[in-house]
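Participant: Let the hints inform the model, and build the full structure from the sequences given.
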Amino acid sequence: MMNPLLEVKELRTYFYTRWGTVKAVDGVSFHVNERETFGLVGESGCGKSITCLSILRLVSQPAGRIVGGEVLLQGEDLVKKSEREMRKIRGSKISMILQDPMTSLNPVFTVGAQVTEGIRIHQGLKGKSLWERARNMLEMLHVPSPEIRLRNWPHQLSGGMRQRIVGAIALSCEPRLLIADEPTTALDATIQLQYLRLLRELQEKTGLSMIFITHNFGVVARMCRRAAVMYAGKIVETAEVRELFNRPSHPYTEALMRSVPKAEEKVEKLMSIEGQVPPLHNLPPGCIFAPRCSYVKDKCRVDYPPTAEINKEHTVSCWNFC
Amino acid sequence: MLKGWLKWKSKLKRYPVIPGTVVGIFIFLALFGELLAPHPPNEMSLTKKFIPPVWQGGGSIAYPLGTDMLGRDMLSRIMAGARISFFVAILSILLGGLVGTGLGIISGYYGGTWDVLLMRTADATLAFPIILLAMLLAIVLGPSLQNVVVSLGLVLWARYARIIRGEVLSVKERDFVALARVAGSSNVRIMFRHIFPNIRSTLLVLLTLQVGWVIIVEASLSFLGAGIPGPQPVWGSMISKGREYITTAWWIPFFPGLAVALVCLCFNMLGDWLREVLDPKLRQVGGGG
Amino acid sequence: MQRYIIVRIFQSVITLFILSVVIFVLVRVGGDPALLMLPESGTKEDYQTIKKQMGLDKPIHVQYGIFISDAVRGDFGRSVRTRRPVMDSIKEALPNSIKLVVTSMVIALVLSIPLGVMAAVKKDTYLDTFARGVAGLGQSLPTFWVGLMMIQFFVVYLKVLPASGMSSWKHYLMPAFCLGIFMMAGITRLLRSTMLEVLDSEFIRMARIKGVSERGVVWKHALRNSLLPVVSFGGVYIAIMVTGAILVESVFAWPGFGRLAYSAIVRQDFPLIQGVILTAGAVVMVANIITDILYAYLDPRIRIQS
Chain A
1 MMNPLLEVKE
11 LRTYFYTRWG
21 TVKAVDGVSF
31 HVNERETFGL
41 VGESGCGKSI
51 TCLSILRLVS
61 QPAGRIVGGE
71 VLLQGEDLVK
81 KSEREMRKIR
91 GSKISMILQD
101 PMTSLNPVFT
111 VGAQVTEGIR
121 IHQGLKGKSL
131 WERARNMLEM
141 LHVPSPEIRL
151 RNWPHQLSGG
161 MRQRIVGAIA
171 LSCEPRLLIA
181 DEPTTALDAT
191 IQLQYLRLLR
201 ELQEKTGLSM
211 IFITHNFGVV
221 ARMCRRAAVM
231 YAGKIVETAE
241 VRELFNRPSH
251 PYTEALMRSV
261 PKAEEKVEKL
271 MSIEGQVPPL
281 HNLPPGCIFA
291 PRCSYVKDKC
301 RVDYPPTAEI
311 NKEHTVSCWN
321 FC
Chain B
1 MLKGWLKWKS
11 KLKRYPVIPG
21 TVVGIFIFLA
31 LFGELLAPHP
41 PNEMSLTKKF
51 IPPVWQGGGS
61 IAYPLGTDML
71 GRDMLSRIMA
81 GARISFFVAI
91 LSILLGGLVG
101 TGLGIISGYY
111 GGTWDVLLMR
121 TADATLAFPI
131 ILLAMLLAIV
141 LGPSLQNVVV
151 SLGLVLWARY
161 ARIIRGEVLS
171 VKERDFVALA
181 RVAGSSNVRI
191 MFRHIFPNIR
201 STLLVLLTLQ
211 VGWVIIVEAS
221 LSFLGAGIPG
231 PQPVWGSMIS
241 KGREYITTAW
251 WIPFFPGLAV
261 ALVCLCFNML
271 GDWLREVLDP
281 KLRQVGGGG
Chain C
1 MQRYIIVRIF
11 QSVITLFILS
21 VVIFVLVRVG
31 GDPALLMLPE
41 SGTKEDYQTI
51 KKQMGLDKPI
61 HVQYGIFISD
71 AVRGDFGRSV
81 RTRRPVMDSI
91 KEALPNSIKL
101 VVTSMVIALV
111 LSIPLGVMAA
121 VKKDTYLDTF
131 ARGVAGLGQS
141 LPTFWVGLMM
151 IQFFVVYLKV
161 LPASGMSSWK
171 HYLMPAFCLG
181 IFMMAGITRL
191 LRSTMLEVLD
201 SEFIRMARIK
211 GVSERGVVWK
221 HALRNSLLPV
231 VSFGGVYIAI
241 MVTGAILVES
251 VFAWPGFGRL
261 AYSAIVRQDF
271 PLIQGVILTA
281 GAVVMVANII
291 TDILYAYLDP
301 RIRIQS
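Protein chains in written order, with our numbering: chain A, 1 to 322; chain B, 1 to 289; chain C, 1 to 306.
Note that these hints are calculated values from the structure, not bench results.
Ideal Cβ positions, reconstructed from N, Cα and C, are used throughout, including at glycine.
Worth double-checking, as some hints may not be accurate.
Partial chain C-side listing against chain B, Cβ under 8 Å, derived [unchecked claim]: (1) Val13; (2) Leu137; (3) Leu141; (4) Pro142; (5) Phe144; (6) Gln152; (7) Val231; (8) Ser232; (9) Gly234; (10) Val236; (11) Thr243; (12) Val266; (13) Ile277; (14) Gly281.
Here are some chain C residues the structure puts well away from chain B; computed CB gaps all over 10 Å [unchecked claim]: (15) Val72; (16) Met87; (17) Tyr126; (18) Val160; (19) Ser168.
Facilitator: Laid out in structure tokens, this is it:
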């Protein structure tokens, strides 16, 4: 359980625009162990999706570029790999599910064509065995009448069904790591839970690791063992999920937790965090959260705090803990 | 807000200076060309026939682009010809544009059977090679400025109607329209005060992109003999009349055609820039047809 | 799908009827056709004869009825000038035009599809600027003028191509190219902007995530989607082609339908005019229906409605 499958070290992805350099991912470090679900939490625009796209080296060039850091998958640095090598890894060693099932599937190809494509590319199967495998994948995702579904077109299927197809595609080549980018946000509330349970089940069956990108703490609580909180391109706190909920250390984490009312609580006023996320091409010096922080000290406005260890598995980047 | 202004400024910086200048010259010539021409455009001369352009042997600076088969100065004729092209374009676009926009707004706003009927008619119009109809009109009723303008207007209205209708449909669903309705505004009032301002930019882009196309169609009609009759210089007719001399006096059909191409190109470039500035979503607009 | 086809055919028939009425009226509105066809030396008796011959002495709605019933059977009467049945002249000329138009469309597509795709893929590079420049130019040049200049250059100056006629593939080159310029330009632009949009889609991102090669992403996943709007514009381009054909055939002396139409109108040969315009209308309608069906077939969202 303690072997890191994926290690991200000081990853930096910048976008060069005419308004300046956008530091979308600025020195992000975390690791994901085998058979583990790791959460990446934060508000929209904090860089969680770009981090994962950087892992897959799918950042849109030439504007966006990985400018520094390492991404070690089982010891091999993905940042240094050639495009050809990456293509062998994408879909087979690392896979990804996107947020909106309505747009994730190509409307002019059948479900079967899209499911078999990855298998054909990575595992070289042909003919009967190819379609057998596709069927099995759909069955694994609990898709009813898989033979019929394979012949369907995406527009004939509901959102929930499509997300299962997407899941089947993602898992068809037995990846070691699955990145799920808000996979249930666009689904109906009633099927969200179903889908999460399905992912859980598949993880136990296949032993894969998952990175869960979300802004929803409920999902984090349900699915993840460990999680990292991101803000404006940096990770501010990493911990085991229970720790994170019981003892949020970073002021941002604490503020986030407070702003989400718990069901049993009687809430007089919905708390929100004062201020706004700074523009990523014009970040303030020092700690990026300083302008909105309730615990801010002078030092915070000058230097960015180093990462401190509160205990094993719990790290924080805040001057209050150094 | 600042971001919006910066974006606008950068778009403005990419203003296509050369096409804009050419268009300006064209409009200027359309209005004053005849007065500024070095020679009277219709002045014939038996002795000065077929003079080549100034850079060829036998050319003369007095007639920089040469003279035609009746001894008339090419440059002057081209300058004067701008007027016809311009006015035909303006008039037919006004006609087609007004009718088309009006019908498009009504169609999009009221919907229902009128909408279906109107759009079917528009589709049928677009799908038919109007040049046949235009030619027929010209021959049957006699070629004249009015007939050309009417024929062109008959084609153009359909394009406007369809695009405007599309825009109206999307604007109609927006909240401020619903609010106006709740506040008791009459339909006509809503159409003028709320819907129209929002489709203005689409209209402007469409208008600019149409000019080039209209000029070419008018030139084509004139080339086929179904356009504006002489003796005033008309670019299309100049090309068709000069056709038989192409081997001996290539400049006679060449320069009028060049003028058409140049003006059309510059209007298109201007229109493209306008589209980028005002509304990049309008990719369907433009491309003649 | 079948219902769709039937509806479209029905609509086209109605449009054709409307067209026939328009033609019928137009031809008679310019003045008494019998009078126009009377030679200089004609007498009153000649006038009456012509009138009777053409059925112009009957009441107007009867005339129309005869006109329509004959037209449906393909009988447009005889050309005033050549005395041949109108249908024969049309049957002779139409295939020539179709050959030209088809060649032209093929050339246009073969050139524009790669150009449009590459312009999108290599956005903002020299290739992109070049493609957009060429496309912009192509939509601004008057077809007939280009034709004339091409003749001047290739036939007279370089002496490599024949000036007119239809006998060899060389004869097709200039007219087909000329005719296709506008369409080529339009499709290049359309494809470019469609590809740019499509390449930004989530499902394209998914394809990359799957490990599909960039070539597969562009030419299989993206193009297949981008071609749909191109097909849907097919109907518009067909009308443009017919218009262009009239001009091109005139310039290159191509013995086609366009030239027939032109001479019919210029010579005020009314039976021929009627036949030509109705045929043109029918051809365009058919082409449009085919295009619509093709589009409905290619887009599974329309082909199969759940």
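Participant: Would you mind marking each hint as holding or not holding in the structure?
Facilitator: Here's how the hints hold up against the structure:
1. At about 12 Å, the closest approach between the beta carbon of C/Val13 and any beta carbon in chain B exceeds 8 Å, and the interface hint on this residue is violated.
2. The restraint placing C/Leu137 at the interface with chain B holds, with a minimum CB-CB distance near 7 Å, inside the 8 Å limit.
3. Checking C/Leu141 against chain B by beta carbon gives a least distance of about 5 Å; that is within 8 Å, so the hint holds.
4. Proximity of C/Pro142 to chain B holds as hinted, the smallest CB-CB distance being about 5 Å (cut-off 8 Å).
5. Residue-level restraint check for C/Phe144 holds (minimum Cβ-Cβ distance to chain B is 5 Å; threshold 8 Å).
6. Nearest Cβ of chain B to the Cβ of C/Gln152: about 5 Å, under the 8 Å cut. The hint holds.
7. Violation of the interface hint for C/Val231 is found here, the shortest Cβ-Cβ separation to chain B being roughly 14 Å, above the 8 Å cut-off.
8. The criterion of a C-beta within 8 Å of any C-beta in chain B is not met by C/Ser232, whose closest approach is roughly 10 Å, and the hint is violated.
9. For C/Gly234, the shortest C-beta to C-beta distance to chain B is roughly 10 Å, which exceeds 8 Å, and the interface hint is violated.
10. For C/Val236, the shortest C-beta to C-beta distance to chain B is roughly 5 Å, which falls under 8 Å, so the interface hint holds.
11. Taking 8 Å as the C-beta contact cut-off toward chain B, the hint placing C/Thr243 at the interface holds, the least distance being around 4 Å.
12. Annotation: interface hint on C/Val266 holds; nearest CB of chain B at approximately 7 Å, less than 8 Å.
13. Below 8 Å, beta-carbon pairs count as interface contacts, and C/Ile277 has one with chain B at about 6 Å; its hint therefore holds.
14. Interface restraint check: C/Gly281 against chain B, minimum CB-CB distance 6 Å, threshold 8 Å, status holds.
15. Residue placement check: C/Val72 keeps its beta carbon more than 10 Å from all beta carbons of chain B (closest about 19 Å).
16. Chain B leaves C/Met87 outside its interface by the beta-carbon criterion, the shortest separation being 18 Å against a cut-off of 10 Å.
17. Every CB of chain B is more than 10 Å from the CB of C/Tyr126 (nearest about 18 Å), matching its label as outside the interface.
18. No beta-carbon of chain B comes within 10 Å of the beta-carbon of C/Val160; the shortest separation is about 16 Å.
19. At roughly 23 Å, the least C-beta separation between C/Ser168 and chain B is larger than 10 Å, which holds for a residue marked as non-interface.
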